[in-house]
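Asks: Sequence:
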Amino acid sequence: MPAGAPPSAARPEPVRPRTAPAGAAGPPAPAQAPAPRVRQLVLKVHGRCNLACDHCYVYRHADQGWRQRPRVMGPATVAKVADRLAAHVARHRTERIRVVLHGGEPLLAGVAAIDRTVRTLRAAMPAGTTLDVAVQTNGVLLDERFLRLFHEQRVDVGVSLDGDREANDRHRRHPDGRGSHDEVARALRLLGRPEHRPRYAGLLCTVDLANDPVRVYDSLLEFAPPRLDLLLPHGNWSHPPPGRRPGGTDTPYGDWLVAVFDRWYGQTPRRTGIRLFESLIALVLGGRSRTQALGGGATDVMTVETDGTIEGTDTLKITGEESTRTGYDVFRHSLDEALRHPSLAGRPTGPAALAPACRACPVVSACGGGLYAHRWRAGHGFRQPSVYCPDLFRLVRHVQAVVAADVDALRRRATGSGER
1 MPAGAPPSAA
11 RPEPVRPRTA
21 PAGAAGPPAP
31 AQAPAPRVRQ
41 LVLKVHGRCN
51 LACDHCYVYR
61 HADQGWRQRP
71 RVMGPATVAK
81 VADRLAAHVA
91 RHRTERIRVV
101 LHGGEPLLAG
111 VAAIDRTVRT
121 LRAAMPAGTT
131 LDVAVQTNGV
141 LLDERFLRLF
151 HEQRVDVGVS
161 LDGDREANDR
171 HRRHPDGRGS
181 HDEVARALRL
191 LGRPEHRPRY
201 AGLLCTVDLA
211 NDPVRVYDSL
221 LEFAPPRLDL
231 LLPHGNWSHP
241 PPGRRPGGTD
251 TPYGDWLVAV
261 FDRWYGQTPR
271 RTGIRLFESL
281 IALVLGGRSR
291 TQALGGGATD
301 VMTVETDGTI
311 EGTDTLKITG
321 EESTRTGYDV
331 FRHSLDEALR
341 HPSLAGRPTG
351 PAALAPACRA
361 CPVVSACGGG
371 LYAHRWRAGH
381 GFRQPSVYCP
391 DLFRLVRHVQ
401 AVVAADVDAL
411 RRRATGSGER
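In my numbering, the protein residues as written are 1 to 420.
The set of hints was computed from the structure by calculation and includes no laboratory data.
Please note: incorrect hints may appear among the correct ones.
As the list claims (entries may be wrong) - In silico EDC-like links for lysine to aspartate or glutamate, alpha-carbon gap of 20 Å or less:
1. K80 / D336
2. K80 / E337
3. K80 / D54
4. K80 / D132
In this text, all values refer to a predicted model and were calculated from it rather than measured experimentally.
With the hints as extra help, turn the sequences into a complete structure.
Replies: Here it is as structure tokens:
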């Protein structure tokens, strides 16, 4: 538990509903939207890292709040998180909630602390609620001790890796400059063994234009990931990502992703799932996205830092402290109170959150404006297109064309119109 009192913040004034005068007639009340709720809680069990990745949004971007927070989330803070989460899921009758153990590097907390954390969370859950727990790690410390714990506590393991040794070690390095690929590869070979594979959730890869996209994809397949997440490097209009010229019409990231999409989509059977592409296909066919990077839906992710402060999605750290500081903490506020904040469920969503250019765009139903943090510009906030706008347009149009061609071929085959 952090030394001293929990973070200070003024409790916001409650929002009181307006009421009609007694006996007044009026139109029927409109159907209310479902109350916002947390579906995924990111728990910062350790606030430091054993790597010094130069593309990290926690340590290398505008928000440097980690410097003032304790290294480890203490038992009293974990217990309070568990109480708040239990009350939240009970109120909303949530059947399934997901907690991701995160950092920094969460494995730095040690086996005993992670074991205690997961046990505390599971013990607090009300009857009828299933708690799914995952950990996102750089893999350097992953060994048999941790894997035994993750089997016992049913914790799924996601590992970060950017490709082969050359690709990965360009960014994911130790503080002394040593690469991390060989250590992560060792961990993945261990995780991929038959006895451990049930806990293998997948790989997370950050796109780097310096790397050949197909080579990166094929190198990741060597570790047989059940799923693969491809992340665009975090940036915005004021701090653009590498190779992305704000306002330029070139599409380097779109081209990179299209190359991987074609390789992945053309494989029969497909050797892994890629959430970005699967979500995009679902959106093109009228379904829903499973990633914050597409679709423009409401956020249902909340973050709790090592000192118990409550924040929105972690990616907002790239915009500066003013976007992530909510003034709420688990010691004095419920999760429902925190959800009112603009960085959480209180922020505009859907068309209302988008720039006029986005609302008029032919691919808005699939793109959704892209990741919220990527729209930010200093002095202007979030109401402009993504800094990746041309890249997203390129990717969406390509996937639309590929899927439309396949749907048309299936339709012709079903009706026999393709036969002669």
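Asks: Could you run down the list of hints and mark each one as holding or not?
Replies: Hint check results:
Straight-line distance between C-alpha atoms of K80 and D336 comes to about 15 Å, which keeps the hinted pair within the 20 Å bound. Distance restraint check for K80 and E337: the Cα-Cα separation of roughly 15 Å lies within the 20 Å cut-off, and the hinted pair is therefore satisfied. Proximity of K80 to D54 is assessed by CA-CA distance (about 33 Å); at most 20 Å being required, the pair is judged violated. A C-alpha spacing of about 19 Å is found between K80 and D132, which places the hinted pair at or below 20 Å, so the restraint holds.
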